[in-house]
Amino acid sequence: MSSNMASSSAGSGDSSAARKNSKRPKYSKFTQQELPACKPILTPGWVISTFLIVSVIFIPLGVISLFASQDVVEIVDRYDNDCIPAPARTNKVAFIQGAAPKSCNRTLTVTKRMKQPIYVYYQLENFYQNHRRYVKSRSDSQLRSPKFENQISACKPEDDAGGKPIVPCGLIAWSLFNDTYTLSRNNTPLAVNKKGIAWKSDKEHKFGNKVFPKNFQKGNLTGGATLNPDIPLSEQEDLIVWMRTAALPTFRKLYGKIETDLENGDTIQVTLQNNYNTYSFSGKKKLVLSTTSWLGGKNDFLGIAYLTVGGICFFLALAFTIMYLVKPRRLGDPSYLSWNRNPGGGR
Amino acid sequence: MVRSSSLNGDSSASHRRTPSRTVTLGHIQPQAPSCRTVYCNDRDSNMPVRFKGNSISTTKYNVFTFLPKGLFEQFRRIANIYFLGISCLSLTPISPVSPITNVAPLSMVLLVSLIKEAFEDWKRFQNDMSINNSTVEILQGQQWVPIPWRKLQVGDIVKIKQDAFFPADILFLSSTNPDGICYVETANLDGETNLKIRKALERTWDYLVPEKASEFKGEIQCEQPNNSLYTFTGNLVVQKQTLPLSPDQLLLRGCSLRNTEYIVGAVVFTGHETKVMMNAMNAPSKRSTLEKKLDKLIITIFCVLLTMCLIGAIGCSIVTDREDLYLGLQKSDWEYHNRLAIGFFTFFTLITLFSSIIPISLYVSIEMIKFIQSTQFINRDLNMYHAETNTPALARTSNLNEELGQVEYIFSDKTGTLTRNLMEFFKCSIGGISYGCGVTEIERGIAQRNGLKVHEEERSTGAIREKGFNFDDPRLMRGAWRNEPDPDLCKELFRCLAICHTVLPEGDESPEKIVYQAASPDEAALVTAAKNFGFFFYRRTPTTVYVRESHVEKMGKIQDVAYEILNVLEFNSTRKRQSVVCRYPDGRLVLYCKGADNVIFERLADGMDDVRKVTREHLEHFGSSGLRTLCLAYRDLDPETYNSWNEKFIQAKSALRDREKKLDEVFACNLINNDMKQFIISSETDAIREAEERGDQVEIARVIKEEVKKELRKSLEEAQLYMHTVAGPKLALVIDGKCLMYALDPSLRVTLLSLSLNCTSVVCCRVSPLQKAQVTSLVRKGAKKITLSIGDGANDVSMIQAAHVGIGISGMEGMQAVMASDFAIAQFRFLTDLLLVHGRWSYLRICKVVMYFFYKNLTFTLTQFWFTFRTGFSGQRFYDDWFQSLYNVFFTALPVIVLGLFEKDVSASLSKRYPELYREGIRNSFFKWRVVAVWATSAVYQSLVCYLFVTTSSFGAINSSGKIFGLWDVSTLVFTCLVIAVNVRILLMSNSITRWHYITVGGSILAWLVFAFVYCGITTSRDRNENVYFVIYVLMSTFYFYFTLLLIPAVSLLGDFIYQWVERWFYPYDYQIVQEIHRHESDASKADHLEIENELTPQEARSYAISQLPRELSKHTGFAFDSPGYESFFASQLGVYAPQKAWDVARRASMRSRPKVPKK
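Line by line, the protein sequences are chains L and V. Using the numbering used here, the first residue of the first sequence is number 1, and each one after it goes up by one. Using the numbering used here, the first residue of the second sequence is number 1, and each one after it goes up by one.
One chain only, chain L, in its complex shape (with noise of 0.2 Å):
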């Protein structure tokens, strides 16, 4: 120890010691906080041009995805309250418990020719399938695989019947939708296909090929649909569709497709069986028949939305460069320095 604490200090006659052993900080830019940058300030320039071009990109955007909206032909028809007899309306409820029977008629009128493939949607307001109580009574591994048949913890209350697990488990395949609709054109039935209504991932990952349903329905409470235990989950796309919880109480859930052109005119009958209660919650059902663009169904938001944000922007570099034309602020002008505002404002 000593023998390095004389060198060091011998150090300060031998330069390349004392260079050694200076304290002198090394020089980088991070330390010296001097790391190339860019600065940007607001200028009246570059404001305007960032307005411009926001407005430049928005605009074709909000008229592309406008115009594709435009395209989309859409019909819906609320029927909850329709399809319930006149006098059973006091008491809704108690209709749709009650053993009459269901079926309802309704007439739907193509106004524009609508390109196939049609998609048959049934949409519920005022549900919420997004309540915490119901998104988290599943059991998503139960679903997968036979062997997960009594993970049932999450599922209560529709957990099991009668002490026997139930396949699908959980409020959410309980409360599974059973309206059917039966659509026919000038008498003619119009087939709906009910494949291929669901994503691909679920059917494929999430609902297993060897799980069939047991024990569905058997428990105290009526719920929705019943499955039919020889088919695999996986091919129920019904319940796939339902089981992918919607994130809003409005929502439309794909019911199929109706793989023929309709023409402006045509008048479709729909024979629908009214099952769903919704009434207690006076939930509205609706059926709703749908084209499609390449950008998805009808949704004019989006387009409003670009051509708003588009029109502001271009609104205000219109506004700004007015503004800057009219009484202009020269850049860096040091009398708004406070300190020039208001002398002995330091105080």
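Read the hints as simulated data drawn from the structure, not as lab findings. Certain hints may be false.
As the list claims (entries may be wrong) - Heads up, simulated DMTMM-like pairs for lysine to aspartate or glutamate below, C-alpha to C-alpha not over 25 Å straight-line:
1) K23/L <-> D833/V
2) K29/L <-> E388/V
3) K161/V <-> D206/V
4) K23/L <-> D163/V
5) K26/L <-> D833/V
6) K39/L <-> E1063/V
7) K29/L <-> E367/V
8) K39/L <-> D833/V
9) K29/L <-> E1081/V
Since the model is a prediction, treat every value here as computed from it, not as a measurement.
With chain L's structure known, arrange chain V on it following the hints.
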């Protein structure tokens, strides 16, 4: 027994005497028994007592205590406790989120903190090991055997070689030096680099060689281990002879041996019982004002959280409908009946759900940012590196970086600090004649201000300039003084300079090569001056001072004279003078005295009033030209007077009461004040007010000498009145210590404070350290403004600790101020860089970081909150657990740190050029509630945009095959938009965008996508509801996804963009205007560092050379600066990095203070 009891009394008395702060380490109980008996060189006899070993451990934890203790430390933070509570809540079934959501970020934060702790402790452990394993030679049998320090035991006889450190507290027995003395350096104890003399008892001088030393069988009876560094009482019993021991015989661990080949000693205290170890204590940590405000913000956020939960809970209890069949509510469920219970439980559900509103990683991030700021930026700033003393700046704490950006009042020690304490002999006045023809900077400055042309002093070619000497007058130099009117007086003056001091010479005994080790630079300057006048002091023994006198009898004749020093009365701040009684070889007895003018004048013999008057005038003249003054006097003593006095002196060590014969020389040192000027210039236009700043102002209201309170009050009021009537913009208050004593009285305090606050500067002269601290806390507590104290000496310690921010000048006056400070800089002028650049930036950065944290967590949580409204207030989570938990610690963590490191509004040079920008920090412009409100609005807006736009537009089919999104598709889409918007927001708020910004922002977004790809792509066998399985792929298969991804972040940021633009255009901040003024200038201000450092102007080269002189031989001065601690000191020797730990041994009242010469 009698002996031991008396010892006890002694030691306790010594405890009372020393007013030092008694800090006892918990595990050491020094009470029983009252004294310790050590048998030297006899391990067997010492065995039964079981003294502690010499190994030390400074680690906080060991393997077993690390986890519990470390976790306990972590949970002392309120945010961590909160998250622990939330995590516990999330384990219960009422939680909507899986525990992972809260546990993951908490454990991440804890992990990072614990790793940091473990790392630091590991370093400490390594240091301990390297210390414990350094070797020392001990006597075994008849020879020296090297053993590691840790094996050293009490009673061992050890041999310490030159420059080595004492491994324990050692009783000094013998030395290779004659007279049994040795020199020690105590830099690690108190930071003082001058050498101290220790003297062994004469009885033990012979035990030097191993053969002889092995015969030594002494018994040491001494006090129990204690923390008082300057006391030691005990007895050495050798061969039935009892010899009293004093601190002179004790060599303390941590000191090192100098100028002595080797010494032999007996170990008295070891390991943790050594005095330095018992003195170890942690520096009290200060919290910055901003952090306290941050706490308020957190509390506000917490209130917001509670409000949100309350709204949710009420909503839930109203909305929950037992008719919602699909919820499967049955009559047996409690929810079916009790709405109150529903609300109650929902409240806690929502607390766990919204917990992310409290930014858990905020504290950790800020800590990290501040740590890097202080270690990488402040400590390594080349602008604050002082080449002459080889000292970089040192941030001793990283807590207060941003506090530096908000300082409103600066308390500065006067001349010493301002002048860098470079003392030069500049002028003198002998017997009424003034000598020295230099012109001080202040005189030059005054002349310039008065429009006079400054005639540059022509130096006579032979003028000698060296460190400490800047005097030129042909009347005195080269022996010419012999022709002056009173050569004898001159001779006495020079002798006084050469004899009356406590300087130690080091090195070669030739005038060119000698180096003076002095406690303070003025002492060294005086001795140097004497040397240049022909009185070369070259050797000191404990009893004699050797002076080589030339030109005394005859020009050119050289004569070595040995003066016997009979008594030295050292300087202290109450006596304000230092005296030496010496005997000439011819037997003449003289008392030499030097000290402050008032004490010397008081003691002058009567008569010679004219000389006295002239000298006073000279003093005032010197003082007004900015020089420090010192008066010297001597008196011839007759042997009888001396003997009787000496008896009294020895008996009582009472103060000297002799009237001293008049001798009126005045000595002065030049202030080198170019440093200071620069700062004053910037502070004149600056909002910074310098209390205690030197005069130099336009108007000076003088309030002095009124000793009666009433009069003082009257004058204070008068002054205030005067202030209101006079429109002069700059006023200074001058108040002296005596006056201040009364002014600080509670009844007058308020008046003084309000008066002071209205002045541009307040000068307090001749104040005691305590008063300095009182004034500081008066402003700190009374005005509630942020204060900064800067000082360099021991007398500034109290002031430094009293202020919000304490700055020590790591200059020449020792290390006490640095030890007590939060930041240490080498030069006063570096304060400009520290405050205007680092402080301002740190403040700006921390504000932005805090605001950004607040914003990003609020935005995130609000989307969740909006969603709650559409779930029937059920508390359903919107995001996947992992998304939520990683949002804070992963997807948005790095850009904000980059922001906290690299954000710059204007460059360093512009910061200094526009010191007014600093006002933004004082006004706290960036952390006002208004700013918080703006950010909160932005958060509400963005969360609404993200949430509403996605939920509205994703209602129908979203691709050509008519498929519909589920909950998790929508939430993942919102999350993606949010991650992009929040990350890009960083770029929008940055004034300086480096490539690290791009990398981290891009990286964070990319990290999110990669995570999503992986996370959505895997299935696990665990019972996890794979809600998000394949979601990202589903999303990315649609055009809709890309359309929203462009639209939503753009719309959310557009609002902020417009706000920023409007603010800049109509209500610009000062810095924005400055940016605009200099928008075309590239930041080329600093690229010239390297050249600056290499090319020294001749002037700089000279001062560099000068500054090197005294330090050269002090072989370890460097250590004093970079190692505030004892442990890191050793570590730096071995090349181990040591984390700074405040081994604060410097704070004690018994600190030596330097001779302080009051400024005139």
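Each hint tested on the structure:
Between K23/L and D833/V the CA atoms are separated by roughly 19 Å; this keeps the pair inside 25 Å, and the hint holds. Distance restraint check for K29/L and E388/V: the Cα-Cα separation of roughly 24 Å lies within the 25 Å cut-off, and the hinted pair is therefore satisfied. Only pairs whose Cα atoms come within 25 Å are accepted, and K161/V paired with D206/V is accepted, the gap being roughly 17 Å. With a C-alpha separation of about 21 Å, the suggested pairing of K23/L with D163/V holds against the 25 Å cut-off.
About 18 Å separates the Cα atoms of K26/L and D833/V, which keeps this hinted pair within 25 Å; it holds. For the hint linking K39/L to E1063/V, the alpha-carbon distance of about 18 Å falls within 25 Å, and the restraint holds. Pair hint K29/L plus E367/V holds up; C-alpha atoms about 22 Å apart against a cutoff of 25 Å. Using a Cα cut-off of 25 Å, the hinted pair K39/L and D833/V holds, with the two alpha carbons roughly 22 Å apart.
Among the hinted pairs, K29/L with E1081/V is consistent with the structure: their alpha-carbon atoms are about 19 Å apart, no more than 25 Å.
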